[in-house]
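**Student:** Full structure from sequences and hints, please.
Here is what each chain is made of, one letter per residue.
Number of protein chains: 4
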Amino acid sequence: MSHNTFGHMFRVTTFGESHGPAIGCVVDGCPPMIPLEAAEIQLDLDRRRPGQSRFTTQRQEPDAVKILSGVMAHPQTGVQVTTGTPIALLIENTDQRSKDYSEIKDKFRPGHADFTYEAKYGLRDYRGGGRSSARETATRVAAGAIARKVLPGVNVRAALVQMGPHKIARENWNWEEVGNNPFFCPDAEKAAFYADYLDGIRKSGSSIGAVIEVVADGVPAGLGAPIYGKIDSDIAAALMSINAVKGVEIGDGFDAAALTGEENADEMRMGNNGPTFMSNHAGGILGGISTGQSIIARFAVKPTSSILSPRKTVDRAGTDTDILTKGRHDPCVGIRAVPVAEAMVACVIADHFIRHRGQVG
Amino acid sequence: MSHNTFGHMFRVTTFGESHGPAIGCVVDGCPPMIPLEAAEIQLDLDRRRPGQSRFTTQRQEPDAVKILSGVMAHPQTGVQVTTGTPIALLIENTDQRSKDYSEIKDKFRPGHADFTYEAKYGLRDYRGGGRSSARETATRVAAGAIARKVLPGVNVRAALVQMGPHKIARENWNWEEVGNNPFFCPDAEKAAFYADYLDGIRKSGSSIGAVIEVVADGVPAGLGAPIYGKIDSDIAAALMSINAVKGVEIGDGFDAAALTGEENADEMRMGNNGPTFMSNHAGGILGGISTGQSIIARFAVKPTSSILSPRKTVDRAGTDTDILTKGRHDPCVGIRAVPVAEAMVACVIADHFIRHRGQVG
Amino acid sequence: MSHNTFGHMFRVTTFGESHGPAIGCVVDGCPPMIPLEAAEIQLDLDRRRPGQSRFTTQRQEPDAVKILSGVMAHPQTGVQVTTGTPIALLIENTDQRSKDYSEIKDKFRPGHADFTYEAKYGLRDYRGGGRSSARETATRVAAGAIARKVLPGVNVRAALVQMGPHKIARENWNWEEVGNNPFFCPDAEKAAFYADYLDGIRKSGSSIGAVIEVVADGVPAGLGAPIYGKIDSDIAAALMSINAVKGVEIGDGFDAAALTGEENADEMRMGNNGPTFMSNHAGGILGGISTGQSIIARFAVKPTSSILSPRKTVDRAGTDTDILTKGRHDPCVGIRAVPVAEAMVACVIADHFIRHRGQVG
Amino acid sequence: MSHNTFGHMFRVTTFGESHGPAIGCVVDGCPPMIPLEAAEIQLDLDRRRPGQSRFTTQRQEPDAVKILSGVMAHPQTGVQVTTGTPIALLIENTDQRSKDYSEIKDKFRPGHADFTYEAKYGLRDYRGGGRSSARETATRVAAGAIARKVLPGVNVRAALVQMGPHKIARENWNWEEVGNNPFFCPDAEKAAFYADYLDGIRKSGSSIGAVIEVVADGVPAGLGAPIYGKIDSDIAAALMSINAVKGVEIGDGFDAAALTGEENADEMRMGNNGPTFMSNHAGGILGGISTGQSIIARFAVKPTSSILSPRKTVDRAGTDTDILTKGRHDPCVGIRAVPVAEAMVACVIADHFIRHRGQVG
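Residue numbers (my numbering), protein chains in the order written: chain A, 1 to 361; chain B, 1 to 361; chain C, 1 to 361; chain D, 1 to 361.
It is possible that some hints are incorrect.
Straight-line C-alpha distance at most 20 Å; calculated DMTMM-like pairs for lysine to aspartate or glutamate [as the list claims (entries may be wrong)]:
{"id": "1", "chain 1": "D", "residue 1": "K66", "chain 2": "A", "residue 2": "E92"}
{"id": "2", "chain 1": "D", "residue 1": "K167", "chain 2": "C", "residue 2": "D255"}
{"id": "3", "chain 1": "D", "residue 1": "K326", "chain 2": "C", "residue 2": "E263"}
{"id": "4", "chain 1": "D", "residue 1": "K326", "chain 2": "C", "residue 2": "E262"}
{"id": "5", "chain 1": "D", "residue 1": "K312", "chain 2": "C", "residue 2": "E267"}
{"id": "6", "chain 1": "D", "residue 1": "K326", "chain 2": "D", "residue 2": "E103"}
{"id": "7", "chain 1": "C", "residue 1": "K312", "chain 2": "D", "residue 2": "E262"}
{"id": "8", "chain 1": "B", "residue 1": "K203", "chain 2": "A", "residue 2": "E263"}
{"id": "9", "chain 1": "D", "residue 1": "K312", "chain 2": "C", "residue 2": "E263"}
{"id": "10", "chain 1": "A", "residue 1": "K66", "chain 2": "D", "residue 2": "E92"}
{"id": "11", "chain 1": "C", "residue 1": "K326", "chain 2": "D", "residue 2": "E267"}
{"id": "12", "chain 1": "B", "residue 1": "K326", "chain 2": "A", "residue 2": "E262"}
{"id": "13", "chain 1": "A", "residue 1": "K203", "chain 2": "B", "residue 2": "E262"}
{"id": "14", "chain 1": "C", "residue 1": "K203", "chain 2": "D", "residue 2": "E262"}
{"id": "15", "chain 1": "B", "residue 1": "K167", "chain 2": "A", "residue 2": "D255"}
{"id": "16", "chain 1": "A", "residue 1": "K326", "chain 2": "B", "residue 2": "E267"}
{"id": "17", "chain 1": "B", "residue 1": "K312", "chain 2": "A", "residue 2": "E262"}
{"id": "18", "chain 1": "C", "residue 1": "K167", "chain 2": "D", "residue 2": "D255"}
{"id": "19", "chain 1": "C", "residue 1": "K66", "chain 2": "B", "residue 2": "E92"}
{"id": "20", "chain 1": "C", "residue 1": "K326", "chain 2": "D", "residue 2": "E263"}
{"id": "21", "chain 1": "D", "residue 1": "K312", "chain 2": "C", "residue 2": "E262"}
For each label pair, taking beta carbons as the anchor points, the in silico distance ranges come out as [what the hints assert, rightly or not]:
{"id": "22", "chain 1": "C", "residue 1": "M278", "chain 2": "D", "residue 2": "A317", "range": "15 to 21 Å"}
{"id": "23", "chain 1": "C", "residue 1": "K312", "chain 2": "D", "residue 2": "N172", "range": "27 to 33 Å"}
{"id": "24", "chain 1": "A", "residue 1": "P75", "chain 2": "C", "residue 2": "A169", "range": "44 to 50 Å"}
{"id": "25", "chain 1": "A", "residue 1": "K66", "chain 2": "B", "residue 2": "P165", "range": "50 to 56 Å"}
{"id": "26", "chain 1": "D", "residue 1": "M33", "chain 2": "A", "residue 2": "K66", "range": "27 to 33 Å"}
{"id": "27", "chain 1": "A", "residue 1": "G179", "chain 2": "D", "residue 2": "Y101", "range": "41 to 47 Å"}
Simulated from the structure, these hints should not be mistaken for lab results.
A virtual CB, placed ideally from N, CA and C, is assigned to each residue, including glycine.
**Tutor:** Here it is in structure tokens:
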């Protein structure tokens with residue numbers, strides 16, 4: 001019953017809207033004795049932060065995180081460590097531009113949650129979208145930074161692999177490039193193309209979708225559980241919970257539908273460190289349990305719904321009308337989903353890591 | 001913490017392996033006063049049951065369901081109704097062919113959960129795959145039949161829309177055809193093609209993947225919840241938890257990545273019954289909450305891992321070896337996933353329906 | 001959201017009514033590789049079974065338990081062990097006396113759940129009480145037998161320490177005596193007194209309450225968690241969930257209210273095996289976490305509500321009437337609560353044992 | 001898996017230690033459209049706040065609460081209302097006296113959670129007790145204030161009914177008196193006695209236990225659920241989770257053990273508003289479900305563990321030593337438990353109220 005909580009043993013509860021005093025989260029279930037500084041969390045937040053290039057919203061949020069609880073200086077070493085108690089993180093909202101919301105206050109913006117929140121709750125936070133705003137994802141990134149610390153030896157990275165219809169060239173994949181362009185793109189050549197392409201989209205007042213791939217290296221075999229505790233099931237839920245996501249794949253994903261059993265089989269041979277898979281169509285998961293290979297997931301993000309072209313809609317009074325959404329928006333909201341997806345996958349793996357350690361003799 | 005339980009208010013816990021005495025499930029949270037007979041559940045089970053055509057495993061299981069608890073003759077009307085207490089369903093295993101499992105007992109079958117169960121638990125049920133067997137899904141179908149009864153006015157249907165690389169023609173979609181062929185295919189012409197195609201696959205000892213689409217009509221607006229209670233997030237988890245599923249989409253899914261904001265917007269106009277969407281790229285869900293349109297989900301199933309061609313593997317002793325899997329297997333396991341997917345989506349909607357309006361009718 | 005499930009990592013879901021085909025439970029989260037035979041579970045069930053003396057209901061139920069899933073012969077050793085997958089247990093109902101229920105069908109029996117079930121669900125299972133019947137507790141005892149196997153070195157025992165106003169003499173406490181009388185009483189002298197006392201109660205058609213004490217030895221320090229994961233909080237919930245229980249105490253319990261801080265302090269001294277407590281007012285739990293001492297809990301059971309003296313009540317039509325409950329009932333329902341309480345406490349400890357092993361580095 | 005979360009539909013997650021920057025909580029599942037101001041929450045907090053009389057710790061905390069999220073001015077009425085999204089509440093810590101903790105840093109205080117936290121986590125927050133401090137309960141009171149708003153017509157009140165061995169006179173019970181003395185005592189005469197009595201305890205550096213009774217009026221019939229969703233089971237867990245609580249009773253509680261079935265039966269007669277109970281031995285709950293009568297619970301609080309008399313203990317190095325706890329402590333910690341207990345019971349009832357009738361107003 002966890003509308004705003006995810007995870008079972010490593011549990012993250014988030015709160016906050018873009019137009020309240022603050023957003024934040026509570027991470028419950030983090031093991032004790034893990035060194036943790038706010039600066040480490042800040043590093044991940046800074047990667048997600050808007051206003052860093054012309055390709056993301058110009059909203060300027062310093063997104064400075066404070067740790068409110070759950071850590072203390074170790075009595076003997078003096079190093080700040082987790083205590084095993086809930087870690088609350090707070091990010092104050094500072095750039096709540098006092099704009100005029102009269103345009104959208106009573107209209108349902110197509111592609112937004114305006115109509116559905118109103119249907120569910122009878123009201124909605126029209127100032128920035130309330131909980132449906134991507135601003136909430138900052139708190140997930142903060143939680144993910146803690147999840148990473150729970151998982152020594154595990155490296156969770158993500159990259160944008162498609163913008164609009166334009167896919168990267170797999171053979172050009174270079175993780176080093178991801179930090180060299182504003183798109184988290186691992187293909188330098190394609191990143192240069194995306195810059196021009198997205199400039200065109202942005203200047204026309206339009207928006208475009210994207211596909212992101214997440215890769216987790218170093219995950220030990222045996223995480224996950226049968227049936228409804230499958231690690232791929234949890235990853236699917238976690239990625240689908242990110243704003244604007246419309247599809248999730250593991251390993252070969254939808255392409256697997258076109259394969260034969262022979263093609264899809266990940267054969268095995270003994271290697272120096274035990275049984276070794278010769279391919280990874282499965283994306284590192286079999287029967288819902290990690291194989292020890294890299295876990296690979298991909299997800300599709302729809303184009304930003306807020307665009308400058310007028311769209312047909314209705315208002316709360318039931319009158320046909322048009323709407324165009326002014327304001328500071330991302331032309332490709334998929335870009336900022338990259339660090340969010342890393343965080344979500346890190347949280348899922350940390351959760352299963354803790355579950356596994358407990359349940360098995 | 002629900003390895004074998006799914007749902008929050010409408011909770012389904014399943015148990016059983018193909019080589020034990022029985023499989024079954026407990027449905028907790030079903031509202032009281034709903035007429036329910038075993039025969040109604042049996043109807044859904046019969047659609048999933050193997051051994052019905054040459055295109056599914058020849059294992060013959062009557063899959064006769066018994067209701068063990070949670071119903072009684074209504075004291076006044078005499079009609080058998082739910083009482084609000086847990087409904088336990090039991091399906092006895094009858095066709096456990098006493099075959100020789102020495103071939104696979106100590107070898108890890110590629111694409112199966114053999115290696116990962118062994119990594120997690122230190123042992124595995126090599127006789128039929130234990131909990132990783134598709135047999136478990138019979139209990140989900142049974143639970144789904146109860147979920148349907150919780151949802152008057154909601155119709156959850158699924159159809160196979162792609163086998164191997166061969167997609168159906170959307171313009172030929174006819175729900176009536178789904179019951180007329182062994183593939184649950186809504187395109188009669190394509191179904192005829194599939195019969196020949198799958199015969200070829202089957203005779204060569206190979207297998208092939210598939211894509212299935214689930215459509216839920218009649219879902220009221222307002223089901224689901226923000227962030228981690230999103231109905232699309234729950235559907236993604238539910239479908240990904242089905243054996244061999246590698247990808248899940250909502251609405252336009254991965255195709256949405258290639259759309260512009262203008263193309264993707266589901267515009268609205270006032271209709272006779274209030275605000276009406278003019279398209280359904282979103283698949284009936286915005287911000288994780290149902291719009292009142294049809295909910296549309298698709299998922300990809302990998303080819304059956306058990307094939308007759310020998311594949312490279314290793315055994316528990318760490319020796320390189322080959323394996324080919326004899327026995328009764330589905331050449332396209334996606335076919336039998338069709339009623340399972342309907343059941344899972346029905347359960348998710350029933351859960352959100354009860355969360356939205358309370359447990360008691 | 002677990003009306004019929006308890007536990008977090010070691011999860012027990014129960015089902016069934018006394019007048020359906022069977023009762024049972026699903027134990028999810030039991031670690032793998034634990035030797036387990038139905039006969040071991042049967043031993044605990046036999047202790048709880050009614051019809052064993054004139055002091056419990058004469059309903060004769062063999063209560064023979066079957067394991068439906070979650071175990072297999074270990075591939076190497078042949079010993080039947082748990083597999084880590086859900087263990088379903090089934091107990092068929094055999095002695096459903098086809099009595100005439102017309103007397104109570106439409107009347108609310110004082111002290112029973114008749115009125116409240118009707119208020120909640122709109123109907124109730126008047127044949128034996130449905131889920132409110134003590135028959136459900138047989139499934140808890142079965143689950144508890146598995147919990148015990150998860151906890152090597154832990155010994156959970158319970159004893160009846162008060163019947164009506166008559167308390168046992170603490171100085172006569174002898175665990176060996178518990179099996180020598182039909183009251184699970186550790187004081188042989190008092191047990192003899194209870195036999196006469198309860199005969200009088202029984203013959204007069206009345207009933208009487210009782211107090212039971214549960215002691216868990218061998219529990220390691222460190223189980224439990226702060227705030228809402230406190231092991232005493234979970235024990236309180238578990239014991240209060242048993243039929244007819246109206247109060248729960250840990251350690252000195254209500255007597256602690258009358259103590260000063262000096263009296264209540266459990267002082268410590270170094271012993272041969274580390275820090276040792278010199279007393280156990282706390283009942284083995286401080287701050288919700290086990291101290292390594294014996295965990296001690298007590299609970300009060302109200303008198304059986306079904307008595308032969310007529311009581312004032314109303315019927316469903318809203319007419320004042322009287323009711324007396326014929327049939328086979330326990331004059332002191334607290335007696336049969338003894339093995340149930342042991343089972344519940346064993347389940348709570350097993351749950352925390354698994355949680356602790358996972359969460360802490 | 002909720003170490004720091006309680007509730008199912010109305011979920012409260014708390015965080016914070018007395019020596020961090022702040023404490024707080026997140027209330028998830030509060031229905032929308034409920035008017036809510038920080039000032040209303042502050043009223044309840046002020047009742048619990050320490051430093052208000054010589055009988056509670058002299059720590060001075062303004063305990064000013066801020067609402068960080070989950071409310072907005074209603075778009076039409078302008079009244080601040082809940083939005084259905086998580087309500088985060090923050091209370092900054094201001095009076096963290098920078099005292100010298102060297103005395104207790106390495107010693108285990110008898111009766112405190114020092115030893116058990118160290119056993120569980122390997123370290124503990126010796127500055128004020130970390131999560132085991134009663135300071136955490138301020139956040140529960142804040143959450144309880146919101147729960148009360150969810151329950152129009154329900155009145156949850158508590159009173160101290162016993163201090164040390166001295167019980168109040170039931171015939172003198174007057175709810176009006178509860179606010180007239182620093183003990184929340186409903187018996188004016190006994191309150192005067194307590195003042196002298198507790199002065200003596202306090203001046204001698206000792207402490208004393210207490211018993212508190214909680215009464216919830218106006219609870220509709222039908223809340224709660226069978227077996228493990230029993231409302232009395234949830235109340236037992238909630239009250240036992242409060243610091244220093246060692247026992248919980250519902251209705252007649254432990255006294256019920258000495259009653260006969262005739263004495264314990266709450267008989268019924270038709271009243272003007274339907275079936276009416278003629279007594280309330282059951283404390284308003286039958287079969288785990290509310291009867292519509294007042295829900296009555298009592299709990300015992302042990303004496304404050306921090307006392308000025310030296311007690312025997314050991315230190316982390318394993319050396320026998322003595323400890324006396326200086327500092328600002330409550331001579332009777334039960335006093336401050338009164339508003340905490342009200343809050344916990346209000347939260348449990350709100351949770352069951354929402355479970356019964358759905359999340360949305």
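**Student:** Going straight from one Cα to the other, do C:K326 and D:E267 come out at no more than 20 Å?
**Tutor:** 17 Å, holds
**Student:** Against the 20 Å threshold, does the CA-CA distance of D:K66 and A:E92 hold or violate the hint?
**Tutor:** 13 Å, holds
**Student:** Assess, step by step, whether the Cα of D:K326 is no farther than 20 Å from the Cα of D:E103, and give holds or violated.
**Tutor:** 9 Å, holds
**Student:** Verify the CB-CB distance for C:K312 and D:N172 against the hinted window 27 to 33 Å.
**Tutor:** Once the Cβ atoms are compared, 30 Å apart, the range 27 to 33 Å for D:N172 and C:K312 holds.
**Student:** Just to be careful, I want the Cα atoms of D:K312 and C:E263 compared with a cutoff of 20 Å; is the pair within it?
**Tutor:** With a Cα-Cα distance of about 12 Å, the restraint between D:K312 and C:E263 holds, given a limit of 20 Å.
**Student:** Run the distance test for C:K167 versus D:D255: straight-line Cα separation, threshold 20 Å.
**Tutor:** 13 Å, holds
**Student:** Does D:E92 lie within 20 Å of A:K66 when you go C-alpha to C-alpha?
**Tutor:** This hinted pair holds, its Cα atoms lying about 13 Å apart.
**Student:** If you draw a straight line from the CA of D:K167 to the CA of C:D255, is it 20 Å or shorter?
**Tutor:** 13 Å, holds
**Student:** Within 20 Å, alpha carbon to alpha carbon, are D:K312 and C:E267?
**Tutor:** With a Cα-Cα distance of about 5 Å, the restraint between D:K312 and C:E267 holds, given a limit of 20 Å.
**Student:** Just to be sure I understand the hint, the distance between the Cβ atoms of C:M278 and D:A317 should be within 15 to 21 Å; is that true here?
**Tutor:** Once the Cβ atoms are compared, 19 Å apart, the range 15 to 21 Å for D:A317 and C:M278 holds.
**Student:** Take the C-beta atom of D:M33 and the C-beta atom of A:K66, compute their distance, and say whether it sits inside 27 to 33 Å.
**Tutor:** 32 Å, holds
**Student:** Do the alpha carbons of B:K312 and A:E262 lie within 20 Å of each other, as the hint requires?
**Tutor:** 11 Å, holds
Going down the numbered hints, you'll see the structure goes against none, and every one checks out.
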